[in-house]
Amino acid sequence: MSAPVQVHFELEDLLVEAPEGTSLQAIVEASGADVTFGCRNGSCGTCRIRVLRGLEHCSEAGPEERDFLAALGAPPDHRLACQVRLLGDVDIAYLGPP
Amino acid sequence: MSTLESLLKEKVLLLDGGMGTQIFARKPTVDDFGGPALEGCMELLNERRPEWIRDIHASYFAAGSDAVETNTFGCNEVVLGEFGLAHRVEELNALAVALAREAAADFAGPRFVIGSVGPGTKLVTLGHVSPAVLYASYLAQMRGLVRAGADAILIETCQDLGQIKAAVRAARAAMAELQRRVPLWVQATVEATGTLLLGSDIAAVLTTLEPLGVDLLGLNCATGPDEMHAHLAHLAAASPFPISCLPNAGLPLNEGGRTVYPLGPDAFAEKVLASAKEFHLNVVGGCCGTTPEHIRALKQRLGSLAPVHRTPAAERSVASLYQSVPLRQEPRPLIVGERTNANGSRLFRDLLAQEDFDAMVGVAKEQQREGAHLLDVCVAFVGRDEVRDMEAFLKKAVTQVTLPLMIDSTELPVIEKALQTAPGKCLVNSINLEDGEARARAVLALCREYGAGVVALTIDEEGMAKTVERKLAVARRLVDLAVNQAGLDPGDLILDPLTFTLGSGEEGFRRSAVATLEAIQAIKERWPGVLTLLGVSNVSFGLKPAARHPLNSLMLYHAVKAGLDLAIFNASKVMPVAGIPEAERRALEDLIFDRRAEGYDPLKVVLSLYEGATLAARKGSRAGLGIGERLRLDIVEGDKRTIVADVEEARATIPPLDIINLHLLEGMRVVGERFGAGEMQLPFVLESAEAMKAAIAHLEPHMPREGGKSKGRLLLATVKGDVHDIGKNLVDIILSNNGYEVRNLGIKQPVEAILKALEEWPADAIGLSGLLVKSTVIMKENLEYMASLGLQVPVILGGAALTRNFVEQDCQAVYSGPVLYAADAFEGLRHMEALASGAPPVSAPRAAEPAIRVLRRGEGRVALDGRDRSSWIQDSGPPPEPPFWGAVERADPLQDIYAFLDEFVVIRNRWSFTQGKLPDEAFRDLLEQKAEPLLAAWKARLLAEPLLQPRARYGYFPVRAEGDRLKVFDPERRTQLSEWRFPRQAGGRRLCIADFFTPEPGAFDLLALQVVTMGQGAAEHAARLYAENRYADYFYFHGLATELTEAYAELLHARIRQELGLQSRDAADLRQLFNQGYQGSRYSFGYPACPDLEGNGPLLELLDAQNLGIALTEGFQMTPEYTTCALVAWHPQARYFSV
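These protein sequence lines are chains A and B, in that order. Each residue of the first sequence is one higher than the one before, starting from 1 at the first, in my numbering. Each residue of the second sequence is one higher than the one before, starting from 1 at the first, in my numbering.
To be clear, the hints were calculated from the coordinates, so they are not data collected in a lab. The structure displayed is predicted, hence computed values, not measured ones. Beta carbons: idealized from backbone N, C-alpha and C, even for Gly.
Derived list of chain A stretches under chain B, where covered just means 3 residues or more per stretch with a C-beta under 8 Å from a C-beta of chain B:
id: 1; segment: 4 to 13
id: 2; segment: 22 to 30
id: 3; segment: 34 to 48
Sample of chain B residues facing chain A (criterion: CB under 10 Å; computed from the structure):
id: 4; residue: Asn805
id: 5; residue: Arg853
id: 6; residue: Val854
id: 7; residue: Leu855
id: 8; residue: Val905
id: 9; residue: Asn909
id: 10; residue: Thr914
id: 11; residue: Asp920
id: 12; residue: Gly988
id: 13; residue: Arg989
id: 14; residue: Leu991
id: 15; residue: Ser1138
id: 16; residue: Val1139
Could you build the full structure based on these sequences and the hints that come with them?
In structure tokens:
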């Protein structure tokens, strides 16, 4: 049994604990965090987040998500929340308009 | 002095209203008719109560009618014969005309008398009356009307194409006889089902009547104005004739046994006027339930509305009783089935000899299933009566087969009998100049009279034309004869430059294929409107079957490249040319193109290649595979064409049920595995499903009566209030092609309807689907309800907003039967298989959803300010000035919308071309070779065919916020038009959409609204594709149409931002655009910031969206499908958030 991980949602200062390997989507839904989802399968971009801390603790991005973010010219700390599973503590900000 | 025709050019004409209703209002008694035997004979009232009739006409003229219809609806021999009055037909018609003329005389201005000709009481296409009797019946009526001076003949309330043609022919004959020509008008009655009583759709009606050159084609009766829109739209777009519309006063209601027509004069007139403007009508009026008041109201609104000139575009087509089929098919060629031909098919010939006409119709239906577009019908059999056989066969075939017909005969009486019996528009196969021009002229005359097209062979007095020059010379004569002299439309002339066999090796025929191919090309260049046809299988006559198939296929391939439009061949005996092994293909093509050389004769090579070869082994890379393996490959590779041939072959040795259970279902299982493993994408799965469906359809007639035992039954429905069904339809497709019986109840199904269906059709499981978040709640409620009834039937839930946890925990908790989560159709399939085998339900092996705990919630909580809005919001300054206030309408061209189409989402998301487990290389190839070209082809097709009709309404409104409410005012700013109450975040930034607008009392902010739709036709097209089992096309079309709707919303949103001067802040890159690289957010109801769909109501009302045919379901979703609407907030801080 592995140690729980903590997710901090910057915008609203919300701290949530969950077992290692939980999907970020499940954490958002269970805690009511302010992250909006669209297609939930990595091709619309509505759930884009910036990982402020703990990028290495996010599950590896699959080819779809990689392609999508690359086309945006997104920096490496951007991820699609619906594709992420947590392997350790992270600090994230839901990306709004610039 | 104005004639009817000249007046039609000046204004929209107003006819009268209902006659029958007016007569009944006078409460006619048995006495009025002249005795019980005559009761109900309305036409007799012309003689017995002329003052009634005259008064009725006068009341319509007084109300403003430009013309009235005579009281002669049933005034023909067949109808009057029922009253023993057949001998008085001409007399009564004349009397009716005189009465109307008398009434007209009392009114100023040009007033006209239209002779009304009704459909009678017997349907000729169903054999209730013979064509000859019907023709004679109408001839008498037409004589009466024309001789008495009617200004036009109106053949109305038509239900049967056969009857229309008989009446039109009778009218023409009477006019010729009496040397008086009057306009000939036709009106069909389209029932609420969308077709004529006998099943013809409006396209079939138009195609059938077009060559008859009537003077007007319109609609009357059965429904009110609203229900006629789609049909009028088709006529407006495609009919070369002026259009009339005489609706009933709405759809009749039954009130205590009485028929009541709901539309009053004003409502009726408004709707008819709207139709007149939208569809550019030329004549309007009313039918059942309408009165002089209705006509008066219509006259007031009509005024002197000028008719609008239309430029209709219609493709040359043929028609069966039921449907119209364009002669130009994409991809070419149009396939003419050749198996219903006693000369060409031993089976058909044998059935004819046995007089088993039902089985002969069965052959026709099989051709339909195999993908033929038209059927070539030939019953020539030496020693038999061809006329009698043609009539016997056609009488059964025309109502049972939906395909149009090609009448294959050289005998004039046979052709005439066929054209009399077939109600739609046929092709006559064929004419030629072998015996000079006389016979050809006679056939062409029949084609003109009955409205048929013709196939013409390049044969003249010297014999069959073998060289290109001779073929063109004969073609020129044929074109002149048919088009210039007989007056056929060039698109109704189909030239056949002849196909000779290459199998004999005779010198004179070695270059015959080359000549034919060149001739096709030349014909298409010289006479662009004319079509071409070949009887492809002739090219291989005399060769072994194993050689015939590939040779026919290659000949067809090259002919289509040369421009061939139609081909007669057996679809199951032609293979995709890519499947022909290289060596064989080379030899066969060398044979076709006569590439003989020193020591090389391709014919010899071909003969030796196929020496002793049987058909079974000829499958190229499949050489050596048994039939069972080949069937499985057909499924896995989605080979819809070859599977039918393979199934046919398998039937010889394997019982049909075994074919299905041992081989076809095995193929589907492999498909499921590969999909699950990420090796096969959904579009390919659908192609496999289509192949499966084609195979099953082919086996159906050969299955034992009780049918196979299905593996299980699933009752499927989309829950109440939800219209989304692509996922559910995919489940239907996958499960039914894997041996399960599926009953698909459709969308918006309340639980009561589902349970009632379950009672009538006991199933092994119920499948519920829904897209909306709200639907997940409804699913749980449905389960609670079912639990309260003590039900335990397994329930499978699917839908985008569902999570496994919600289903397996929350929903399972309220129900004692199994509740299963299906992430996709294949998981649903696995559940069904587990249920069928009695195993415990399969759920993904995982522990209960992990415990998630909130440790700390928002210490930096944002507070609400003095105006109850989030203090995170800063003052934005004054709003921009809009270019106009209120709503306007737009119809942007599809090409412009393409610029905003997110092709990544289309291909990867909507069309599910995901990488899965494919290596990068292979995935790149998949995209480049399949997905991207497919998208390009679909985009081109949507530009060419009007399947999508993008329309939009958008506009600007003054608004003010009050706490969570947003109030909308009319542009004069005096009255409040509407208001929304938006939800507010409980934590975080405490945002609410209302916060993006000024709350200052007395001040006004700016709100933009938009709604876009792809039109009703798009939704209908998707439904049609699905109903025709064209799964892959359905899937692609639906996905692309959905994404194009989004694109149109983007386009409009960009336009709004531009009009408000916010454009300068847009990111150049489109992808950034989709992720909010701009100012001015767009919010749609149902999404996280405003999840309550009820908000759609006020939005659509403010925009007058009903003008676009948009409505809300009781679940507040928009119809038709492919419609989306939104609010646009210009505030710089407006962004997406979740509540």
